[in-house]
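Trainee: Letter by letter, the chains look like this.
Protein chains: 2
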Amino acid sequence: MEISLIPTAEQISRESLINKSAVMFDILRASSTVCTALANGCQAVLPVSEVADALALAQSLPEQTCLLGGERGAVRLPGFHLGNSPSEYTRPVVQGKTIILTTTNGTRAIRLAAAGSGLVIIGSLLNVTATARALVAAGRDVALVCAGTRGQFSLEDTLAAGLVIRQLLKLLPSGEATAPAAAPASDGPYAEERPLYKGRPLVLTDAAMAALRLAEYYSANPLQALHDSLHGQKLVQLGLASDLAYCAQVDLLEVVPVYRQGKITLAGEAAVR
Amino acid sequence: MEISLIPTAEQISRESLINKSAVMFDILRASSTVCTALANGCQAVLPVSEVADALALAQSLPEQTCLLGGERGAVRLPGFHLGNSPSEYTRPVVQGKTIILTTTNGTRAIRLAAAGSGLVIIGSLLNVTATARALVAAGRDVALVCAGTRGQFSLEDTLAAGLVIRQLLKLLPSGEATAPAAAPASDGPYAEERPLYKGRPLVLTDAAMAALRLAEYYSANPLQALHDSLHGQKLVQLGLASDLAYCAQVDLLEVVPVYRQGKITLAGEAAVR
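So the sequences go chain by chain: A and B.
In this text, residue positions in the first sequence follow this note's numbering: the first is 1, and each later residue adds one.
In this text, residue positions in the second sequence follow this note's numbering: the first is 1, and each later residue adds one.
Do not rely on the hints blindly, as some may be mistaken.
[As the list claims (entries may be wrong)] Sample of chain A residues facing chain B (criterion: CB under 7 Å; computed from the structure): (1) GLU2; (2) PHE80; (3) ASP206; (4) ALA207; (5) ALA210; (6) ARG213; (7) LEU214; (8) SER219; (9) TYR246; (10) VAL250; (11) LEU253.
[What the hints assert, rightly or not] So, partial list: chain B residues that the calculated Cβ filter (under 10 Å) puts toward chain A: (12) LEU5; (13) SER154; (14) LEU212; (15) ARG213; (16) GLU216; (17) ALA220; (18) ALA225; (19) GLY239.
Hints were generated in silico from the structure; no laboratory data involved.
From the three backbone atoms N, C-alpha and C, an ideal C-beta is built for every residue, glycine too.
Could you build the full structure based on these sequences and the hints that come with them?
Mentor: Have a look at this one:
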């Protein structure tokens, strides 16, 4: 099993995702919002890249069951019911509803992450362990996709990816802690004695290894990473420090949001295999 | 002062370097080799991207004072005097010589890093503090350029960049530890209360912050990072574990190799301003 990390949505290619399970992270705040909405009984989230497309899609859906959510520049869009703060997506507001969501980075990244045709999970700090379990159940190579902030590497998304890797290594039957396999693999320049998973070497790319070490660095205080990040600092300036505190809660939720054919819904254990 | 990090040579753009001091890291092994050669009295290193160009350049220089060095696939090139192991670049071998060097990633990255027209330093773990001092003396924004391995993020180069950042923060008169300035800057969406350096806010991009945290994670044992990296593991497989041990020695050397007009030489304090 190979675990790779794609640092920004711009670096997604079909080759980097093909036949893999993908997880898309945009933890400040699109993926945290999606996880929260679905945990609170929302039927489905429809991620849309452009504001105009969101408005057009809303026209085609029954008004009573549909909500428009999203932001540009971290601020709610005019005419929308909801912004991009998970705190708005409470059970009384979202239960039974379909939410059309458009955000600066995250919704585009979700659609790009679907290029590989495999499983696409929406990951955040809120659902690290649930995400890792779903990846183990799927059994494929894993690509962790960080949305990034305006094309740049983002600290907080990389932290979330690293925490998922840490959890994966704990869950895999022969994780980092086990002894190398007796017979080294020999299928490539970098093959060597490594732990095996389902008969194949378990390989972390250097970017995945760096994310793992970052997760270990911040594991005692994930909120610190959100405050260290430039986007986190921007949200604090906008008076949204409480969103950082919410989004930093590792494993608050037991949800596995899965994107398929334009729609994010909750996956049962069977659905993610 | 802004400190940014470019994770791979492929991501270098003129815009990302213009008017900045750049440091190029390819610590396994090109930049460690350059630092070692110059510390051992080599006159100049001429980095060349292609093997054919290296051979042509050698023809044009006096045979007695010129050595050909370099690798492809981590192995010495046929007809070359030296490979890419710093252990070969001893004083008896290199003193007073000009070395033409061609390596898979590093030499190309050095030339690309020169796109910004400012100072270009060759950085490694061997010369972290000397590099940081030269950057402070230059006083410009800093771009830390990791060569990467075959277009991919490399753990060991990012560690070296992070250690330079850590040292920079120690050397700057108002580093991370100081209180925010009284008057917040207001010149951009991410501007906020930050430590000032020469009247300007000190800003780390998220990638630079991640490198800093990685450096803090590995600071007690930098060699571990080299063994965690895929390229480090490849070198170990090739029997070159001793090169990892050598390259992991933080601040072994007091050199600041500077690239200018096709040539790397040692910079005196005056020359790097």
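Trainee: The structure should be examined with respect to each hint, and the outcome stated for every one.
Mentor: Verification of the hints:
1. With a least beta-carbon distance of about 11 Å to chain B, the hint placing GLU2 of chain A at the interface is violated under the 7 Å criterion.
2. The beta carbon of PHE80 of chain A comes no nearer than 21 Å to any beta carbon in chain B, farther than 7 Å, and the hint placing it at the interface is violated.
3. With a cut of 7 Å, the hint placing ASP206 of chain A at the interface with chain B holds, because the nearest CB-to-CB distance is about 4 Å.
4. Proximity of ALA207 of chain A to chain B holds as hinted, the smallest CB-CB distance being about 4 Å (cut-off 7 Å).
5. Interface hint at ALA210 of chain A: satisfied, since its Cβ lies 5 Å from the closest Cβ of chain B, which is below the 7 Å cut-off.
6. Taken as an interface hint, ARG213 of chain A checks out: its beta carbon lies about 5 Å from the nearest beta carbon of chain B, inside 7 Å.
7. A cut of 7 Å between beta carbons decides the hint on LEU214 of chain A: the least distance to chain B is about 6 Å, and the hint holds.
8. About 11 Å separates the beta-carbon of SER219 of chain A from the nearest beta-carbon of chain B, more than 7 Å, and the hint is not met.
9. With a least beta-carbon distance of about 20 Å to chain B, the hint placing TYR246 of chain A at the interface is violated under the 7 Å criterion.
10. Taking 7 Å as the C-beta contact cut-off toward chain B, the hint placing VAL250 of chain A at the interface is violated, the least distance being around 17 Å.
11. Because the beta carbon of LEU253 of chain A sits about 25 Å from the nearest beta carbon in chain B, more than 7 Å, this interface hint is broken.
12. Taking 10 Å as the C-beta contact cut-off toward chain A, the hint placing LEU5 of chain B at the interface holds, the least distance being around 8 Å.
13. For the restraint placing SER154 of chain B at the interface with chain A, the shortest Cβ-Cβ distance is roughly 5 Å, inside the 10 Å limit, so the hint holds.
14. Among the interface hints, the one on LEU212 of chain B holds; its C-beta lies about 9 Å from the nearest C-beta in chain A, closer than the 10 Å criterion.
15. Hint on ARG213 of chain B holds. Least Cβ distance to chain A is approximately 5 Å, under the 10 Å limit.
16. Because the beta carbon of GLU216 of chain B sits about 6 Å from the nearest beta carbon in chain A, less than 10 Å, this interface hint is met.
17. A distance limit of 10 Å between C-beta atoms decides the matter here; for ALA220 of chain B the minimum to chain A is near 12 Å, and the interface restraint is violated.
18. Taking 10 Å as the C-beta cut-off, the interface hint given for ALA225 of chain B holds, the closest approach to chain A being about 8 Å.
19. The interface hint given for GLY239 of chain B is violated, since its Cβ lies 13 Å from the closest Cβ of chain A, which is over the 10 Å cut-off.
Violated hints, in rising order: 1, 2, 8, 9, 10, 11, 17 and 19; the structure is consistent with all others.
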